[in-house]
Amino acid sequence: MFFYYVRLALLSYRRNPVLSSLMVLAVAVGIGAYMVIFTMNYYMGGDPIPQKSEQLHHIQFDYGNPDIPNFEPPPQLTWLDATAMLEQTTAYPRTATSKFVAIIEPPGNEVRPFFVNGRGNSADFFSMFDVPFKYGSGWDRSADVNRDLVVVLSDELNERLFGGRDSTGETLVMHGMNFTVTGVMDRWQPAPKFYDVNNGSFDPVEEAYIPWELIISQELNRSGSTNCWQAPEGTGLQAFLNAECAWIQFWVELPDADARSDYSMLVDNYVAEQRSLGRMRMPVEQRLFNVNEWMIEQEVHPDETRILGALAGMLLAVCLLNTVGLLLSKFLGKAGEIGVRQALGAHRGSLFIQHLIEAGVIGAIGGVLGIGVAALGLEGIKVLIGSLMITEWMRLDLTVMALTIALAIVSTIIAGLYPIWRACNINPSVHLKSQ
Amino acid sequence: MLKMTHISKVFRTDVVETHALRDFSLHVAEGEFVTVTGPSGCGKTTFLNIAGLLETASGGQYLLDGEDVSSLNDFQRARMRNQKIGFIFQSFNLMPDLNLFDNVDVPLRYRGVNAAERKVRVERALDAVGLLSRKKHLPAQLSGGQQQRVAIARALVGEPRFLLADEPTGNLDSNTAEGVMELLHEINNNGTTIIMVTHDVVLASRSARNIQILDGRIIDDRRAQPKAA
Numbered sequence: 001m002f003f004y005y006v007r008l009a010l011l012s013y014r015r016n017p018v019l020s021s022l023m024v025l026a027v028a029v030g031i032g033a034y035m036v037i038f039t040m041n042y043y044m045g046g047d048p049i050p051q052k053s054e055q056l057h058h059i060q061f062d063y064g065n066p067d068i069p070n071f072e073p074p075p076q077l078t079w080l081d082a083t084a085m086l087e088q089t090t091a092y093p094r095t096a097t098s099k100f101v102a103i104i105e106p107p108g109n110e111v112r113p114f115f116v117n118g119r120g121n122s123a124d125f126f127s128m129f130d131v132p133f134k135y136g137s138g139w140d141r142s143a144d145v146n147r148d149l150v151v152v153l154s155d156e157l158n159e160r161l162f163g164g165r166d167s168t169g170e171t172l173v174m175h176g177m178n179f180t181v182t183g184v185m186d187r188w189q190p191a192p193k194f195y196d197v198n199n200g201s202f203d204p205v206e207e208a209y210i211p212w213e214l215i216i217s218q219e220l221n222r223s224g225s226t227n228c229w230q231a232p233e234g235t236g237l238q239a240f241l242n243a244e245c246a247w248i249q250f251w252v253e254l255p256d257a258d259a260r261s262d263y264s265m266l267v268d269n270y271v272a273e274q275r276s277l278g279r280m281r282m283p284v285e286q287r288l289f290n291v292n293e294w295m296i297e298q299e300v301h302p303d304e305t306r307i308l309g310a311l312a313g314m315l316l317a318v319c320l321l322n323t324v325g326l327l328l329s330k331f332l333g334k335a336g337e338i339g340v341r342q343a344l345g346a347h348r349g350s351l352f353i354q355h356l357i358e359a360g361v362i363g364a365i366g367g368v369l370g371i372g373v374a375a376l377g378l379e380g381i382k383v384l385i386g387s388l389m390i391t392e393w394m395r396l397d398l399t400v401m402a403l404t405i406a407l408a409i410v411s412t413i414i415a416g417l418y419p420i421w422r423a424c425n426i427n428p429s430v431h432l433k434s435q
Numbered sequence: 001m002l003k004m005t006h007i008s009k010v011f012r013t014d015v016v017e018t019h020a021l022r023d024f025s026l027h028v029a030e031g032e033f034v035t036v037t038g039p040s041g042c043g044k045t046t047f048l049n050i051a052g053l054l055e056t057a058s059g060g061q062y063l064l065d066g067e068d069v070s071s072l073n074d075f076q077r078a079r080m081r082n083q084k085i086g087f088i089f090q091s092f093n094l095m096p097d098l099n100l101f102d103n104v105d106v107p108l109r110y111r112g113v114n115a116a117e118r119k120v121r122v123e124r125a126l127d128a129v130g131l132l133s134r135k136k137h138l139p140a141q142l143s144g145g146q147q148q149r150v151a152i153a154r155a156l157v158g159e160p161r162f163l164l165a166d167e168p169t170g171n172l173d174s175n176t177a178e179g180v181m182e183l184l185h186e187i188n189n190n191g192t193t194i195i196m197v198t199h200d201v202v203l204a205s206r207s208a209r210n211i212q213i214l215d216g217r218i219i220d221d222r223r224a225q226p227k228a229a
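Residue numbers (my numbering), protein chains in the order written: chain A, 1 to 435; chain B, 1 to 229.
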């Protein structure tokens with residue numbers, strides 16, 4: 001009977017094309033608008049590295065200063081602490097990382113020198129974050145220690161400098177120094193950019209990656225947020241490095257709960273040591289955050305999207321309320337047919353199912369149209385905020401499309417419950433005489 | 001076959017109570033052709049609706065094929081309608097979106113008959129009313145008389161024992177009405193019990209049994225004398 005009912009639903013659509021199309025439109029607009037916001041929330045609130053999000057941990061120290069009311073612990077580490085944590089002897093992969101900008105001087109005269117956004121990071125960065133490589137690989141820990149002039153390029157920068165060919169082993173001039181290319185990344189754009197949410201959670205990934213220590217030793221131009229709560233004693237780079245200024249993200253990979261416990265102890269010991277030196281005077285509850293904990297702690301998911309989500313939900317509710325009215329009109333208009341069907345042997349249950357399926361068909365058509373509305377909406381959002389953040393992750397994949405249709409069907413069926421109940425409880429004899 | 005004993009039907013609103021049937025008792029045997037006449041509002045259609053299980057009586061007992069229908073739930077009443085009763089209406093009540101085949105097919109769908117058997121039975125029913133060649137046509141493409149023939153085919157396709165007709169010729173001209181009546185008599189001759197409500201006393205006089213209703217009561221129950229050989 002299912003396909004029979006679907007056929008009846010399509011015939012019913014054809015009988016009242018304007019009324020039916022109004023319902024489809026109401027569902028499409030409501031679902032489409034909702035799915036635009038849902039898609040944004042889905043990706044913004046999604047797990048950017050699900051295969052490892054439980055193992056990767058960000059360290060946060062409470063540099064609490066009792067003299068400053070409402071002092072919020074900074075999300076980043078100072079140079080002193082990042083260096084100290086790197087020097088801790090553990091088997092766990094870890095990386096200090098921060099941003100820089102530099103000028104690249106391409107070979108020949110065809111391309112003029114240009115700025116790139118770069119990232120200093122430890123050798124473990126690439127394996128910890130499952131960075132995909134098109135050519136070559138990252139560097140090893142000895143390059144960190146030796147401060148080798150090595151670089152990993154993004155696919156785009158490799159295209160720009162070397163025409164997309166395998167450039168491993170070649171050199172490029174950056175910040176006036178010759179760097180050797182060890183690898184070229186494949187396309188990689190985690191959303192949110194979890195490893196550095198302090199400098200644009202949805203910014204594009206950096207174009208060049210070098211050993212983190214080079215930022216200081218070669219005096220590259222740091223970029224990204226810096227939070228100082230105590231003025232440097234003196235001037236110059238060394239005074240800045242020794243100051244209470246946080247500008248470095250620090251991540252460690254802890255494969256299981258035992259490792260987390262083990263590393264927590266190490267961090268606690270370090271903090272105790274620092275407190276004995278007069279630093280880190282506030283008690284803290286948690287210093288290690290896995291990826292998802294860190295996204296929540298740093299409120300990566302903007303409040304605006306929640307507000308928009310609520311608004312879209314209200315719009316969907318309004319559209320569905322309209323659909324309730326339209327369905328009521330449509331189904332009560334079929335009272336004569338319902339009466340005939342009852343006379344011919346249909347019981348209320350079968351009529352109820354027939355009309356549930358009819359509502360579902362309207363929902364399905366509305367859902368398909370809603371995908372188009374959502375796609376248009378997302379394109380509009382990209383135009384609006386495309387200059388503020390990377391938006392290529394905002395797309396309707398198969399999961400979201402299937403969800404759109406499913407939500408449209410379920411919503412319309414729910415909207416149809418009252419009209420269907422009313423229609424199936426009419427007195428058939430009244431309508432049989434007056435048809 | 002159909003036995004109503006002291007049936008009453010009361011329609012109530014907040015301010016008024018209408019007695020559509022009062023102390024209504026009737027026994028119709030298998031194979032009878034009964035016409036029901038009476039002025040408008042006398043309770044003819046209410047009687048037909050109760051007989052067809054489309055409405056429930058307010059009181060009394062109704063036995064259909066020996067089964068007390070007052071205890072049946074909606075599902076059981078629907079099944080009994082589907083299996084034992086065929087309906088013919090004054091305004092045909094065909095579904096305008098469905099072609100003739102699909103209109104006639106409806107009762108068999110609710111009975112759960114498989115597609116192959118449905119096809120055979122629907123085509124046979126349409127053939128019986130002379131409209132098989134137009135099975136793909138929509139009702140709007142037919143005349144009133146043809147539409148009523150389709151409605152008769154739909155009523156008969158499930159081979160019910162009991163046919164209820166509510167003014168089946170009311171919307172037809174006299175020639176067409178004559179054709180429909182001939183068809184109904186033919187059906188009755190084949191063993192189907194028919195109860196027909198009509199305003200037309202000439203048609204009523206041609207049935208073997210005529211019941212007159214007034215104010216919800218049977219005031220006359222007359223059987224025609226068998227014709228002399």
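Think of the hints as simulated: they come from the structure by calculation, not from any bench. Heads up, the beta-carbon is just placed ideally off N, CA and C, and yes, glycines get one too. Hints are supplied without guarantee of correctness; some may be wrong.
Stated by the list, open to error - The list that follows gives simulated cross-link-like pairs (lysine to any residue, SDA-like), each with its CA atoms no further than 25 Å apart: (1) A:K134 to A:Q88; (2) B:K119 to A:R7; (3) B:K136 to A:L10; (4) B:K84 to A:N425.
Stated by the list, open to error - From the derived model, a few chain B residues whose C-beta atoms are all more than 10 Å from chain A: (5) V15; (6) V28; (7) S71; (8) L142; (9) Q212.
Results for each hint:
For the suggested pair K134 (chain A) and Q88 (chain A), the alpha carbons sit about 32 Å apart, so the restraint of at most 25 Å is broken. Between K119 (chain B) and R7 (chain A), the direct Cα distance comes to roughly 18 Å. Compliance with the 25 Å bound is thereby established for this hinted pair. With a C-alpha separation of about 18 Å, the suggested pair K136 (chain B) and L10 (chain A) falls inside the 25 Å cut-off, and the hint holds. A hinted pair counts as satisfied when its Cα atoms are at most 25 Å apart, and K84 (chain B) with N425 (chain A) qualifies at roughly 23 Å.
Residue-level check passed: V15 (chain B) sits 19 Å from the nearest beta carbon of chain A, beyond 10 Å. At roughly 19 Å, the least C-beta separation between V28 (chain B) and chain A is larger than 10 Å, which holds for a residue marked as non-interface. No beta-carbon of chain A comes within 10 Å of the beta-carbon of S71 (chain B); the shortest separation is about 16 Å. With a least CB separation of 16 Å from chain A, L142 (chain B) remains clear of the 10 Å interface cut-off, as annotated.
Every CB of chain A is more than 10 Å from the CB of Q212 (chain B) (nearest about 20 Å), matching its label as outside the interface.
Violated hint: 1 only; the structure is consistent with all others.
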